[in-house]
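Heads up: the sequence lines are chains A and B, in that order.
For the first sequence, counting from 1, position 251 maps to 251 in my numbering; every step adds exactly one.
For the second sequence, counting from 1, position 11 maps to 11 in my numbering; every step adds exactly one.
In short, the hints are calculated from the structure, not lab data.
The beta carbon of each residue, even a glycine, is placed where N, CA and C say it ideally should be.
Treat the hints with care, since some could be wrong.
As the list claims (entries may be wrong) - Listed next, with one range per pair, are the computed distances between beta-carbon atoms:
| # | chain 1 | residue 1 | chain 2 | residue 2 | range |
| --- | --- | --- | --- | --- | --- |
| 1 | B | Gly228 | A | Asn136 | 21 to 29 Å |
| 2 | A | His201 | B | Met1 | 54 to 62 Å |
| 3 | A | Leu74 | B | Leu183 | 53 to 61 Å |
| 4 | B | Val181 | A | Lys112 | 53 to 61 Å |
| 5 | A | Arg18 | B | Asp14 | 23 to 31 Å |
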Amino acid sequence: MIEIKHLKKSFGSHHVLRDVNLKIEDGKITSILGGSGSGKSTLIKCMMRLLDSDGGEILVNGKDITKVTNPFRLAAVRRHFGYLFQEGALFDSMTVGENVAFGLSYLTDIPKEKYPAVIKEKLAMVGLKEEVAKLNPSELSGGMRKRVSLARVLAISPKCILYDEPTTGLDPIMSDIISDLILEMKKKIGITSVVITHDMHSAFKISDYIAFLYEGEIMLYGTPEEFRKTDNPYVRQFVDGSSHGPIQMKLMRE
Amino acid sequence: MFTAIGKVMMNWLDQTGGAADMVRSAGFWLARSRFEFKQFVLQSITIGVDSFGVTALTSLFTGMVLALQAGNTINNIFGDPIFVGTIVSFSLIRELGPVLTGVVVAGRAGAAVTAHIGTMAVTEQLDALYTLGTNPTQYLVIPRMGAFLLTMPVLTVFSNIFGVIGGYLVAVYALGVPGEVYLSDITTFMGAKDFMHGFIKAFIFAFMIATVCCYKGVSTRGGAEGVGKSTTGAVVTCIVLILVLDYFLTAILAAFGI
Ligand SMILES: Nc1ncnc2c1ncn2[C@@H]1O[C@H](COP(=O)(O)OP(=O)(O)O)[C@@H](O)[C@H]1O
Ligand SMILES: [Mg+2]
Chain A
1 MIEIKHLKKS FGSHHVLRDV NLKIEDGKIT SILGGSGSGK STLIKCMMRL
51 LDSDGGEILV NGKDITKVTN PFRLAAVRRH FGYLFQEGAL FDSMTVGENV
101 AFGLSYLTDI PKEKYPAVIK EKLAMVGLKE EVAKLNPSEL SGGMRKRVSL
151 ARVLAISPKC ILYDEPTTGL DPIMSDIISD LILEMKKKIG ITSVVITHDM
201 HSAFKISDYI AFLYEGEIML YGTPEEFRKT DNPYVRQFVD GSSHGPIQMK
251 LMRE
Chain B
1 MFTAIGKVMM NWLDQTGGAA DMVRSAGFWL ARSRFEFKQF VLQSITIGVD
51 SFGVTALTSL FTGMVLALQA GNTINNIFGD PIFVGTIVSF SLIRELGPVL
101 TGVVVAGRAG AAVTAHIGTM AVTEQLDALY TLGTNPTQYL VIPRMGAFLL
151 TMPVLTVFSN IFGVIGGYLV AVYALGVPGE VYLSDITTFM GAKDFMHGFI
201 KAFIFAFMIA TVCCYKGVST RGGAEGVGKS TTGAVVTCIV LILVLDYFLT
251 AILAAFGI
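All chains should be modelled from the sequences, with the hints used to inform the complete structure.
What follows is the structure, encoded as structure tokens:
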């Protein structure tokens, strides 16, 4: 289990995360909702230790990972997670296959001869054919990039995957395919997932729990059912996707 | 006005500190993790191939113009173009060889390194390295530092050779100096320490170029525009530092009798 307690993160005078408290249950899918620039990526980057938080704790199986500074222990902390970047962050100087196999030599004992088999297996898991391995990332469509990126994450067998807006920028059908993939990872391998999204359809479909991030705090945490029924005006507005409501007024006042 | 200068100074100090941290981290990872040999070889080949042609061409013409200027000047004073080989070879091997090579390598290979790493930085590929069990220092910076340190001295040797050939062509065919005289002017006066002098410079320039270009790359922010900015910034910084360092290195090496 991952427990985030009183997490704070600022960029200069911009207090992005003010006091984030959140529990991430093992083997479940937790979605984090929030508007653009609300600090969703910042939050999971702090979990991955790509950013240093300014205060609070992130307990992974009871151990606070925010205080780790030794580069080797830091690598061990990161080993717990897989991170799906919003734009894929595929290495564009390598083929798709080399991308998928990249983490293997650093994080696993799998011998080099077995890499082609791993590449094939992981590409199949995300619904891609073996031939894709020979392509360059620049030849891929948006949906394929996300899937290759997911295959690269799956290859290192993390315990928890952090997804940064996995469905943003995709057409509705591809979004649904990605949502199904996330669900499948949970069912097949029991991976814990943290999914950042503002795609309500996907969030309701895949989530066990949803957290709504607003003004640097988790304003509401609950099951999709609770989110559907809530009368919290902020969440209501976000869930309904309306331009009328407290969030708009807040923006205008600033 | 003063705050503007202060800001520039602070920024400069900040970057120097950042670059020093990067070098320290490179030392840390070099000692404690595997060396990315394949990357090192690929980078060495790229840097060498990228820079060889331009280095050869600029050195050839620099040797030619040195011979022409020296020959004409000496001719006007002594009525005979003597010691052209000596002047050309001293200027090249002690100063211009490493300086020209440094400028070309910074402009070609250095710019490419900054643009590549910078693009990776703004597309989260550097972060991706951390998430996949390695880091930018181990995977990108160390192999490139090694590649610059290997290729710069080699390219400098070629630069010297092409420069001396250029000087030879002008001395022999334009100034009418006998070929044997041009060559013996070189061999009589050049010593091992002159080669050492040039070699040490090439090595230090290589270290500086690698540090500046890698650091500018990893610290890139702000999309495609940011990549452009850090690339030109890296090249300008390298060229300025090459010329400034060259003076101080000459002074220091001379103090040690090299
Ligand atoms: N490295 C950074 N330096 C300065 N500000 C940043 C940095 N990263 C993010 N921010 C700012 O923090 C806020 C939250 O960013 P982010 O976490 O990416 O939002 P989200 O993912 O929810 O859209 C934004 O206003 C953004 O401008
Ligand atoms: Mg984001």
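Practice item. Given the range 21 to 29 Å, decide if the beta-carbon distance of Gly228(B) to Asn136(A) lies inside it. Key: 23 Å Cβ-Cβ, so the 21 to 29 Å window holds.
Point to revise | Hint check for Met1(B) and His201(A) - Cβ pair distance inside 54 to 62 Å | key: holds (57 Å)
Practice item. Hint says 23 to 31 Å; check whether the CB-CB distance for Arg18(A) and Asp14(B) agrees. Key: With Cβ atoms ~28 Å apart, the hint holds.
Review point. So the hint says 53 to 61 Å: do the beta-carbon atoms of Leu74(A) and Leu183(B) match that?
Key: This hint holds: roughly 59 Å between Cβ atoms.
Practice item. For the range 53 to 61 Å, tell me whether the beta carbons of Val181(B) and Lys112(A) fit it or not. Key: holds (60 Å)
In the structure shown, no violation is registered for any of the earlier numbered hints.
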